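Kindly produce the complete structure, drawing on both the sequences and the hints.
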Amino acid sequence: MSILETLAFLTSLIGVILGVLGPRVTWPWWIAGSCLYAVLFFQSAYYASAALQFIFIAGGIWGWFGWGPNGAKPKKSATKERLLLLVALLGSSLLLWPVLTNIGAASSAIESFGFVGSVIAQLLMVWQRYEAWPLWFVVDAAYTYQYFKGELYLTGVLYTIFTAIAIWGWIRWGKESTASNKKV
Numbered sequence: 004m005s006i007l008e009t010l011a012f013l014t015s016l017i018g019v020i021l022g023v024l025g026p027r028v029t030w031p032w033w034i035a036g037s038c039l040y041a042v043l044f045f046q047s048a049y050y051a052s053a054a055l056q057f058i059f060i061a062g063g064i065w066g067w068f069g070w071g072p073n074g075a076k077p078k079k080s081a082t083k084e085r086l087l088l089l090v091a092l093l094g095s096s097l098l099l100w101p102v103l104t105n106i107g108a109a110s111s112a113i114e115s116f117g118f119v120g121s122v123i124a125q126l127l128m129v130w131q132r133y134e135a136w137p138l139w140f141v142v143d144a145a146y147t148y149q150y151f152k153g154e155l156y157l158t159g160v161l162y163t164i165f166t167a168i169a170i171w172g173w174i175r176w177g178k179e180s181t182a183s184n185k186k187v
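Under my numbering, the first residue of the sequence shown carries the number 4, and numbering increases by one thereafter.
Errors might be hidden in some of the hints.
[Said to hold, decoys possible] Here are the simulated distance ranges between beta carbons:
id, residue 1, residue 2, range
1, T104, R175, 35 to 45 Å
2, I58, L87, 17 to 27 Å
3, L97, F57, 15 to 25 Å
Quick caveat, the hints were computed from the structure, so don't treat them as lab data. Small disclaimer: the values here were computed from a predicted structure and weren't measured. From the three backbone atoms N, C-alpha and C, an ideal C-beta is built for every residue, glycine too.
What follows is the structure, encoded as structure tokens:
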């Protein structure tokens, strides 16, 4: 456990907790944690996870402007959108897997699924979609295994916490999106 991993842990935890609550201030925390984790993951040969942090940084900037000063207003996606996202997740994960294997990534199968799933979940967060949280749940559970296996124990604990937070977000954003649909 390094100072880098500890700082990345703390800033990322704060950012994700704030993400469930929906204030705009979640995004600077998200960006700071992503910057720190980009370095840590690159050092650990989790190349897709390291690259993913730059997508999270861009998503954090987009989210800052997209959520506006009043924060998130969750809504649910249409069934057709959900199916399209599922096909994109599975297809893109299968295409990325051999690429990661060829460059010597530490955990190709989980990293390919985690990378693509995280990109989609990040987009859903920026778009304020309820479906971000069930997807985060699955992605975070997979990453929990990967990081414990790779001996990034504090990060493994963080992703265990993220998995629990995803359940909280799933419930909270589900209620908020149902309430906002009734107002329309």
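So, going through the hints one by one against the coordinates:
1. T104 to R175: 35 to 45 Å: Roughly 38 Å apart at Cβ, these two residues keep to the hinted range, so it holds.
2. I58 to L87: 17 to 27 Å: Holds: the Cβ-Cβ distance is about 19 Å, inside 17 to 27 Å.
3. L97 to F57: 15 to 25 Å: holds, 23 Å
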